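Residue numbers (the working numbering), protein chains in the order written: chain A, 5 to 356; chain B, 5 to 359; chain C, 32 to 363.
Read the hints as simulated data drawn from the structure, not as lab findings.
Please note that the accuracy of each hint is not assured.
Not close to chain B: a few residues of chain A, all C-beta gaps over 10 Å, as computed [as the list claims (entries may be wrong)]:
#, residue
1, Asp-145
2, Gly-191
3, Leu-338
4, Glu-339
To give a feel for the contact side, a few chain B residues facing chain C, derived at Cβ under 7 Å [claimed, not checked]:
#, residue
5, Ser-9
6, Gly-22
7, Lys-46
8, Phe-47
9, Lys-77
10, Ser-78
11, Arg-86
12, Ala-88
13, Gly-92
14, Gln-135
15, Tyr-151
16, Ile-154
17, Leu-167
18, Thr-219
19, Asn-223
Remember, predicted model here, so these are calculated numbers, not experimental data.
Where a beta carbon is used, it is the ideal one built from N, C-alpha and C, also for glycine.
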Amino acid sequence: MDMQKIKELTELNGVSGNEDLVREYIKTTISPYVDEIFTDALGNLIAFKKGKSSNIDIMLSAHMDEVGFIVTGYTDTGLIKFANVGGIDERILPGKTVLLGDDKIPGVISAKAIHLQEREEFLSNWKQRNLYIDIGTEKKDETESLVELGEYISFNSNFQELGEECVKAKALDDRLGCAILMEALKGTYEFNLYACFTVQEEIGLRGAEVAAYRIKPDLALVIEGTTCSDVPETEKHQHSTRLGKGAVLTIIDGSSYADKDLVNYIYKLAKDKNIPVQFKETATGGNDAGKIQRTGIGVKVAIISVPCRYIHSPVSLMSKKDYESSQNLALAVLEDMSSNMNKLQSLIKEEK
Amino acid sequence: MVIKSVLKELTELGGVSGYEYRVSEILSNHFKEYCDDVQIDKFGNVVGLKKGTNSEKKIMVTAHYDEIGLLVKSIDENGFIRFAKIGGIDPKILLAGEVIIYGEKTLPGVIGAKPPHLLSPEERKKTVKIQDLYIDTGMSFDEVTKYVTIGDYITFKPISLELKSDYFATKALDNRCSFASMLVALEELKGLRQEFDIYFVATVQEEVHLTGAITASYNIEPDLAIVVDVCHGEMPDVPKERSSACGKGPAIAIGPVLDKKLTKKLLEKAKNENIKYQIDVESGGTGTEAWATQVSRCGIPTVLISIPLKYMHTPVETLSISDVSSVGRLIARFTASLVIEDFKQKEASLWTCKK
Amino acid sequence: MFELLTRLTQTFGVSGNEEEIRSLIINEIKGKVDNISIDPLGNLIAMKKGNVNKDNCKKIMLAAHMDEIGIIVTHIDEKGFIRFSNIGGVSPFVSISQRVKFKNGTIGVVSYEQKLDDIKNLKLPKMYIDIGAKSREETEMMINIGDTACFCGDSVKQGDYAISKAMDNRCGCTVAIGVINKLKDIETDNEIYFVFTVQEEVGLRGAKTSAYQIMPDIAIALDVTSTGDRPESNIMEVKLGKGPAIKIKDSSVICHPEVKKLLVAAAKRINIPYQYEILEAGGTDAGAIHTTCGGIPSGAVSIPTRYIHSPAEMVSLEDLENAVKLVTEAIK
Numbered sequence: 005m006d007m008q009k010i011k012e013l014t015e016l017n018g019v020s021g022n023e024d025l026v027r028e029y030i031k032t033t034i035s036p037y038v039d040e041i042f043t044d045a046l047g048n049l050i051a052f053k054k055g056k057s058s059n060i061d062i063m064l065s066a067h068m069d070e071v072g073f074i075v076t077g078y079t080d081t082g083l084i085k086f087a088n089v090g091g092i093d094e095r096i097l098p099g100k101t102v103l104l105g106d107d108k109i110p111g112v113i114s115a116k117a118i119h120l121q122e123r124e125e126f127l128s129n130w131k132q133r134n135l136y137i138d139i140g141t142e143k144k145d146e147t148e149s150l151v152e153l154g155e156y157i158s159f160n161s162n163f164q165e166l167g168e169e170c171v172k173a174k175a176l177d178d179r180l181g182c183a184i185l186m187e188a189l190k191g192t193y194e195f196n197l198y199a200c201f202t203v204q205e206e207i208g209l210r211g212a213e214v215a216a217y218r219i220k221p222d223l224a225l226v227i228e229g230t231t232c233s234d235v236p237e238t239e240k241h242q243h244s245t246r247l248g249k250g251a252v253l254t255i256i257d258g259s260s261y262a263d264k265d266l267v268n269y270i271y272k273l274a275k276d277k278n279i280p281v282q283f284k285e286t287a288t289g290g291n292d293a294g295k296i297q298r299t300g301i302g303v304k305v306a307i308i309s310v311p312c313r314y315i316h317s318p319v320s321l322m323s324k325k326d327y328e329s330s331q332n333l334a335l336a337v338l339e340d341m342s343s344n345m346n347k348l349q350s351l352i353k354e355e356k
Numbered sequence: 005m006v007i008k009s010v011l012k013e014l015t016e017l018g019g020v021s022g023y024e025y026r027v028s029e030i031l032s033n034h035f036k037e038y039c040d041d042v043q044i045d046k047f048g049n050v051v052g053l054k055k056g057t058n059s060e061k062k063i064m065v066t067a068h069y070d071e072i073g074l075l076v077k078s079i080d081e082n083g084f085i086r087f088a089k090i091g092g093i094d095p096k097i098l099l100a101g102e103v104i105i106y107g108e109k110t111l112p113g114v115i116g117a118k119p120p121h122l123l124s125p126e127e128r129k130k131t132v133k134i135q136d137l138y139i140d141t142g143m144s145f146d147e148v149t150k151y152v153t154i155g156d157y158i159t160f161k162p163i164s165l166e167l168k169s170d171y172f173a174t175k176a177l178d179n180r181c182s183f184a185s186m187l188v189a190l191e192e193l194k195g196l197r198q199e200f201d202i203y204f205v206a207t208v209q210e211e212v213h214l215t216g217a218i219t220a221s222y223n224i225e226p227d228l229a230i231v232v233d234v235c236h237g238e239m240p241d242v243p244k245e246r247s248s249a250c251g252k253g254p255a256i257a258i259g260p261v262l263d264k265k266l267t268k269k270l271l272e273k274a275k276n277e278n279i280k281y282q283i284d285v286e287s288g289g290t291g292t293e294a295w296a297t298q299v300s301r302c303g304i305p306t307v308l309i310s311i312p313l314k315y316m317h318t319p320v321e322t323l324s325i326s327d328v329s330s331v332g333r334l335i336a337r338f339t340a341s342l343v344i345e346d347f348k349q350k351e352a353s354l355w356t357c358k359k
Numbered sequence: 032m033f034e035l036l037t038r039l040t041q042t043f044g045v046s047g048n049e050e051e052i053r054s055l056i057i058n059e060i061k062g063k064v065d066n067i068s069i070d071p072l073g074n075l076i077a078m079k080k081g082n083v084n085k086d087n088c089k090k091i092m093l094a095a096h097m098d099e100i101g102i103i104v105t106h107i108d109e110k111g112f113i114r115f116s117n118i119g120g121v122s123p124f125v126s127i128s129q130r131v132k133f134k135n136g137t138i139g140v141v142s143y144e145q146k147l148d149d150i151k152n153l154k155l156p157k158m159y160i161d162i163g164a165k166s167r168e169e170t171e172m173m174i175n176i177g178d179t180a181c182f183c184g185d186s187v188k189q190g191d192y193a194i195s196k197a198m199d200n201r202c203g204c205t206v207a208i209g210v211i212n213k214l215k216d217i218e219t220d221n222e223i224y225f226v227f228t229v230q231e232e233v234g235l236r237g238a239k240t241s242a243y244q245i246m247p248d249i250a251i252a253l254d255v256t257s258t259g260d261r262p263e264s265n266i267m268e269v270k271l272g273k274g275p276a277i278k279i280k281d282s283s284v285i286c287h288p289e290v291k292k293l294l295v296a297a298a299k300r301i302n303i304p305y306q307y308e309i310l311e312a313g314g315t316d317a318g319a320i321h322t323t324c325g326g327i328p329s330g331a332v333s334i335p336t337r338y339i340h341s342p343a344e345m346v347s348l349e350d351l352e353n354a355v356k357l358v359t360e361a362i363k
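With the hints as extra help, turn the sequences into a complete structure.
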């Protein structure tokens, strides 16, 4: 499975609110295969492919943004105060490296030496407000001239293959979704296809909300990276999903209850095509489907995800096989629906 | 010598306490460029002798080259690696970290962290313990056990980050930066008149048992010891009394473990040579090899020079390169300036150290 | 082997008071080594000459500590109850309701102040020993301040496993004696010092001074180690019955790679099972020996033991047999 696109996408910095570089990359790459491209007021990139025969609107959605940080202030000695953008476990922050702004200025997140900690401090986690980023300057005005308030900060983590099967990178959630959407755009379909590369998912599904409102699709398929905790110290029923066990179908999560018929259809298709598939076993988390489903008169949604260990950290990890399964499944769904328009009609028809 | 590239080279080596022999050759080769004789002892101490004109007195300069790290303790049926620590590691900084495992092959790995979505508020308040953590290599049990066994050592992944001004951040600056300053000193000594023999020793196992310092001091029996290590760099959440500023020169230690007379001479030398310095008051053990050298055999007068280092014992240790070079210059000028009166006079035979 | 182990474990030998166990060991080994001496701290040093003509004749030191943990009397109250302090690592919780035996045979029961507010706050100063005396005077006829007592725990064999107090470290002593027996009629290349050390439990003290005296080329400690094979244990690969453990690291020493190599090669040569040991909390004589003089490459062979520092420590006799074979092969 060629990982070059994943490498390029994950190594771009695009924290929620600052997705420009990711958007430019995707726009340039997909232009040859789409009919129309539109960037809306929030920065969502929407690609449109006119259907060969039908006016049914199918929406694909994947978000371009990643979790990260933003500059909130400076100390007198030139260190940088910052806040999280999106959900990050603050316990992972000390001792990590980051890149600030478009210039990608390297910095380190402070970590107090073990020798200097009193027992109580040693036994408690640092609060994020007590951490700072050090870029090697010694005075406040020096720092101010290099890094402005509100500047965005990303984890500094390169794409790396781990073993034969896995890759480690930041932002697998949800650059992998973007990559799958880009692949889907290469096909031709009977229905209208809107591929939405959304913004600001990590801070509240913001981009999806307005994109769905604009398009008001008949059906939406969200491609995401999802939690995978099949690791030591986690009980089996809390694993959520398992690495290597295939594309993930969500039944319910914290933001949406996927359309049952749609999910069954996708599951059956996966089985027919021998694509490894698993169900998500926890009901937590949320994604763009949460907003899309509740748009207008309502949209039938389903979510196909790739299991990612250590999601929302600089070292998220996925299996290349799972990525392949998810891509194959998404493409199979689109292809099958396109060749069986009756089936598609029945899926989107409301129940009387 | 370009200090930055030497630092980069040295810190990218994997030499955890107890396993320094893996990288001792490389340090030995550096010494060979300057020293008259270089030996590696059975524990991995690398000893470079720079002869003077007078072998009556011996000076020893030590800087430990081991780094903190982890040890493979167990590999579970899914290929996850459980580990023990070597040296003082705060488990809090391990979450979502990257490591390198030195097995039959060197392998990259990540230290796992439960996703925030699955954490309860109580769990978030708790600090992780080493027992809770594991390394994920992306490999199955069968794959990973081809290359990794119990007892293999693990280091942080080096980041080799050049920050603004002349700040450099990476793992193992504690204490490879001091080895770099020894090289600076050796370079300086080329142009100085050096009377006594100087033993430059890159020691082992400081982070665990001070083994290298204890054995080297015992074997060399120097008349004077200069220990080079790192001290805490200034940070907002640390009282100023417990740290020294980066970029403001070597921190010279004053305290019971250090010899008063020699420390005074060291301070004077720094002043005379216009080397900016700071005072580091050490009321107790110093947390360095000086604790061991001071009481070797019958006692060795010891001084301690430190390079200020922020975020010590984490993957993002940070220093100012100018400090590495000032410390090197100070070592060279101090050792070259020593005269016979600076050493303790030979005792009457009654008091000679009994064998 | 079990009989020897029993004789050893049931003999009194709290740190600093190793006279009895030392005498017993002397009886076991006399005539089987070339020289026996006792040093100023009380270490028992048995030497077997090597073949000095051989080029690679090495001086090898085996260290097995003969002391055990126990308690020391600090105060006798008006009613005859005894207050005490620990010698070595004694857990207050493990001690509740245990019997202790003083050197003169007196038995006492360990208990704690009933009024204690929360059992979590139990510490030794809140405990006492009851020897069933009716008054201070009666107690003082048998026990003085400074007297020591060991815990009671008789020796039992069940299948391959044996249970007793003081497996730490009479097992190490048993292995050392086993090696002496195996080598007694053989000429060894190396000069071997079998050192039954004192005061290991209070700070590896005997090992330091005996190593200074002998200055061996390499040292191997014979001790016990914990296991990770009990319900909800902390993770540790060592298991009972899976062979002697070759130590990689504990909190007192990182074993020298050459010694580790030597031991692994020996195990492989004679095809016996072995395990790797990483002990995160606990040390052994090798800790004191390796930094002595100019540094002595040291390692250790450990007997996997469950419930260390309790009156009911458990070992596998097969592990002991294999340890004897391993060490014999490695050092001859």
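How the hints compare with the structure:
| no. | hint | result |
| --- | --- | --- |
| 1 | Asp-145 | holds, 13 Å |
| 2 | Gly-191 | holds, 31 Å |
| 3 | Leu-338 | holds, 28 Å |
| 4 | Glu-339 | holds, 31 Å |
| 5 | Ser-9 | violated, 30 Å |
| 6 | Gly-22 | holds, 3 Å |
| 7 | Lys-46 | holds, 6 Å |
| 8 | Phe-47 | holds, 5 Å |
| 9 | Lys-77 | holds, 5 Å |
| 10 | Ser-78 | holds, 5 Å |
| 11 | Arg-86 | holds, 5 Å |
| 12 | Ala-88 | holds, 5 Å |
| 13 | Gly-92 | violated, 12 Å |
| 14 | Gln-135 | holds, 6 Å |
| 15 | Tyr-151 | violated, 16 Å |
| 16 | Ile-154 | holds, 4 Å |
| 17 | Leu-167 | violated, 33 Å |
| 18 | Thr-219 | holds, 3 Å |
| 19 | Asn-223 | holds, 4 Å |
Hints 5, 13, 15 and 17 from the earlier list are contradicted by this structure; the remaining hints agree with it.
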